[in-house]
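There are 2 protein chains.
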Amino acid sequence: MNTGKRALLLVAHGSRLPEANAEVAQLTERLREASGARFEIITHAFLEIAEPDIPTGIGVCVAQGATQLWVLPYFLAAGRHVRDDVPALLDQARERYPHATICLCEHLGAEASLPELLLRLAKGNPA
Amino acid sequence: MNTGKRALLLVAHGSRLPEANAEVAQLTERLREASGARFEIITHAFLEIAEPDIPTGIGVCVAQGATQLWVLPYFLAAGRHVRDDVPALLDQARERYPHATICLCEHLGAEASLPELLLRLAKGNPA
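Chains as they are written, first to last, in the numbering used here: chain A, 1 to 127; chain B, 128 to 254.
By construction, these hints were calculated from the structure, which means they are not laboratory data.
Heads up, the beta-carbon is just placed ideally off N, CA and C, and yes, glycines get one too.
Do not take every clue at face value.
[Said to hold, decoys possible] Listing some non-contacts, in silico: residues in chain A with all C-beta distances to chain B over 12 Å:
#1 Thr3
#2 Ala12
#3 Ser15
#4 Glu51
#5 Val60
#6 Gln64
#7 Ala78
#8 Gln92
#9 Arg96
#10 Gly109
#11 Ala112
#12 Ala122
[Said to hold, decoys possible] Facing chain B, according to a computed beta carbon distance under 10 Å, are these residues of chain A, among others:
#13 Lys5
#14 Leu47
#15 Glu48
#16 Ile49
#17 Asp53
#18 Pro55
#19 Thr56
#20 Tyr74
#21 Val86
#22 Cys105
#23 His107
#24 Glu111
[Stated by the list, open to error] Covered stretches of chain B, going by a simulated chain A footprint (3 or more residues, C-beta under 8 Å):
#25 175-185
#26 240-246
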């Protein structure tokens with residue numbers, strides 16, 4: 001039986017704009033508030049430019065006792081990053097942490113309820 | 128009384144990957160299916176790289192009879208594009224089409240229910 005912790009790692013691209021990276025950190029905080037008891041660990045990492053990078057983010061989760069990791073790509077399109085770069089990093093992490101189970105979630109752009117969420121953004125009247 | 132049509136214009140960054148731009152077109156189709164009777168016109172445009180560009184997208188809506196436009200930035204972060212580039216294009220469009228009301232919605236990353244949507248993506252068990 002697996003008695004380790006469950007971790008959710010939100011993976012964003014990373015920006016040269018510090019405030020854009022700060023938005024990801026704020027979203028991680030909101031994820032913690034919204035997740036209830038489902039994940040003992042929720043943190044984020046960046047593919048490029050910003051830190052922590054993805055290997056570091058996975059390492060942090062494992063060091064905190066995670067044995068089941070869900071990696072959630074905060075990307076709108078299934079481009080090269082989502083299709084190739086993130087999976088390659090996860091393969092390396094699986095070799096490094098064979099006792100952990102690392103699952104790659106679908107990217108944000110694939111979520112079926114995205115249209116409803118977008119329509120909520122357009123709820124106001126034109127100014 | 129305003130008897131013109133209501134239009135929703137989804138604005139994405141635009142990618143060099145045709146399949147990423149095709150994802151935006153598919154999302155526009157899903158928006159049409161999800162919106163019911165709320166918008167008579169739903170289409171998309173790109174800020175850079177891909178076509179149609181934003182002035183063209185607005186022009187298409189106006190040519191189809193839109194007098195109320197909601198412009199919805201399909202962006203995760205409030206970077207330069209969301210803060211400066213898209214609003215500047217909308218100001219130009221307001222001068223060009225003074226009879227139309229053009230409203231800039233919040234960008235996707237600001238939607239309050241985003242954490243719940245992300246948690247749904249992590250609903251599966253690790254493989």
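Verification of the hints:
no.	hint	in the structure
1	Thr3	holds, 15 Å
2	Ala12	violated, 7 Å
3	Ser15	violated, 6 Å
4	Glu51	holds, 16 Å
5	Val60	holds, 17 Å
6	Gln64	holds, 17 Å
7	Ala78	violated, 7 Å
8	Gln92	holds, 17 Å
9	Arg96	holds, 16 Å
10	Gly109	violated, 6 Å
11	Ala112	violated, 8 Å
12	Ala122	violated, 4 Å
13	Lys5	violated, 12 Å
14	Leu47	violated, 13 Å
15	Glu48	violated, 14 Å
16	Ile49	violated, 12 Å
17	Asp53	violated, 18 Å
18	Pro55	violated, 18 Å
19	Thr56	violated, 20 Å
20	Tyr74	holds, 6 Å
21	Val86	violated, 14 Å
22	Cys105	holds, 5 Å
23	His107	holds, 8 Å
24	Glu111	holds, 6 Å
25	175-185	violated (count 0)
26	240-246	holds (count 7)
In the structure shown, a violation is registered for the earlier hints numbered 2, 3, 7, 10, 11, 12, 13, 14, 15, 16, 17, 18, 19, 21 and 25, in ascending order.
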